[in-house]
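Join these two chains into a complex; the hints should help.
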Amino acid sequence: DTEVTQTPKHLVMGMTNKKSLKCEQHMGHRAMYWYKQKAKKPPELMFVYSYEKLSINESVPSRFSPECPNSSLLNLHLHALQPEDSALYLCASSRAADRSSNTIYFGEGSWLTVV
Amino acid sequence: AQKVTQAQTEISVVEKEDVTLDCVYETRDTTYYLFWYKQPPSGELVFLIRRNSFDEQNEISGRYSWNFQKSTSSFNFTITASQVVDSAVYFCALTSGGGADGLTFGKGTHLIIQP
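Taken in order, these protein sequences are the chains called A and B.
Residues 455 to 569 in the numbering used here are what the first sequence lists, from first letter to last.
Residues 19 to 133 in the numbering used here are what the second sequence lists, from first letter to last.
This is chain B alone, in the form it adopts within the complex (with noise of 0.2 Å):
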């Protein structure tokens, strides 16, 4: 069975700041693949970041960065200078059976930015 942890429910941090959001995640699977999803109120799951279990490279993208250990099983999301319009609810999500099996959600982490 597999299973993700986000165990943040809710964060709040004010504009500016850096921001972490943590990913633990369990799985037999040898070959899986981790993702993050932001959710903003409109409802839309936008896909931000795709990870397979070999290439624990971890990646930056603009203000956006995720770290990936084996390790620890974890899979952790970092805004660097947060801004009002990332406020969102952050899912991590794995799946080692492609989109036959679907994927396996964290339950999100509500990710509030003060201005």
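Just chain A, same shape as in the assembly (with noise of 0.2 Å):
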């Protein structure tokens, strides 16, 4: 079982819904990440959280806000989506976010669907 949990499993929203996607993870780790998966295509990085800091923001719309609360905790805000947002969004944890000697772990993952 992942120890990478991601809420909820499956969301429907409409265009001018605002909701969120949370994700907790047990493991010390002090790095985490979203990735976003369209259908039949490789994950894709979109933000990285290092030590409960923003480090990387892969030019990702502003309709999609990210938000580390504490080194436990990953939000994914989401504000006036479009259609083509729907996805499987992927949170992850490695122990830091400047070894390359990390594993990243991956969640089961959000399953969005906007209408």
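Keep in mind that the hints are not guaranteed to be accurate.
To be verified - A short, non-exhaustive set of chain A residues, derived as facing chain B with CB atoms under 8 Å: (1) S540; (2) L544; (3) E562.
Stated by the list, open to error - Computed from the model, here is a short list of chain B residues facing chain A with C-beta under 7 Å: (4) V32; (5) D36; (6) P58; (7) R69; (8) F72; (9) G80; (10) R81; (11) F86; (12) F123; (13) G126.
Quick caveat, the hints were computed from the structure, so don't treat them as lab data.
From the three backbone atoms N, C-alpha and C, an ideal C-beta is built for every residue, glycine too.
What follows is the structure, given as structure tokens:
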């Protein structure tokens, strides 16, 4: 079983809604990530948090707003999304974001559908 | 720039056959890390193995084995005596900047094991 927990597993939202995806890990990891995965494509990096600070934003539209309240939690706030934002959103964590030897562990993902 | 190529889009074999998934990578860094992940239909990316650029030893774990060859920039994955539960999409990934840069994924190979 994964030690990275994501909620909700499935989310359907309208284009005017505001919703959030949540991620939690209790492995003592200090780096957390959001990836987006479209059908039949590999995951694409969106954001990296290192020691609770945003270190990478891969030019993600502002309708996606990440938040890291503490070292165990990572949120992705969603507002005014488009149907093309429908995808699997994967949260991940690793010991730290500054060492190549770290393994990145993924959660089960949140399936998002924008209608 | 880094690149991972998984030329096999889909492989279908009958249960108990051996199958090899190919992965070829490109990087200018001398220190880098290679990974294999399994993604079943549920969506979770399951970590299988990490190999660093200094360690060319092959590895075996049960029915799984990995062949890392720097001379050909390849990191191939073999499943011996395949089982239906092995059916999934398998991703090869590369990082040289640690989690700080995220993972560069190949496009994935969809493995179908028929009973």
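Taking the hints in turn, this is what the structure says about them:
Restraint check, A:S540 versus chain B: the minimum CB separation of about 14 Å is more than 8 Å; hint violated. Of the supplied interface hints, the one on A:L544 holds, with its beta-carbon coming within about 6 Å of a beta-carbon of chain B, less than 8 Å. About 4 Å separates the beta-carbon of A:E562 from the nearest beta-carbon of chain B, less than 8 Å, and the hint is met. The restraint placing B:V32 at the interface with chain A is violated, with a minimum CB-CB distance near 24 Å, outside the 7 Å limit.
Hint on B:D36 is violated. Least Cβ distance to chain A is approximately 25 Å, over the 7 Å limit. For B:P58, the interface hint is violated, since its Cβ never comes within 7 Å of a Cβ in chain A; the closest pair sits about 10 Å apart. At a threshold of 7 Å, the smallest CB-CB gap from B:R69 to chain A is about 11 Å, leaving the interface hint violated. A hinted interface residue such as B:F72 counts as satisfied when its beta carbon comes closer than 7 Å to some beta carbon of chain A; here the least separation is about 11 Å, so the hint is violated.
Residue-level restraint check for B:G80 is violated (minimum Cβ-Cβ distance to chain A is 19 Å; threshold 7 Å). Restraint check, B:R81 versus chain A: the minimum CB separation of about 21 Å is more than 7 Å; hint violated. The criterion of a C-beta within 7 Å of any C-beta in chain A is not met by B:F86, whose closest approach is roughly 15 Å, and the hint is violated. About 4 Å separates the beta-carbon of B:F123 from the nearest beta-carbon of chain A, less than 7 Å, and the hint is met.
A distance limit of 7 Å between C-beta atoms decides the matter here; for B:G126 the minimum to chain A is near 6 Å, and the interface restraint holds.
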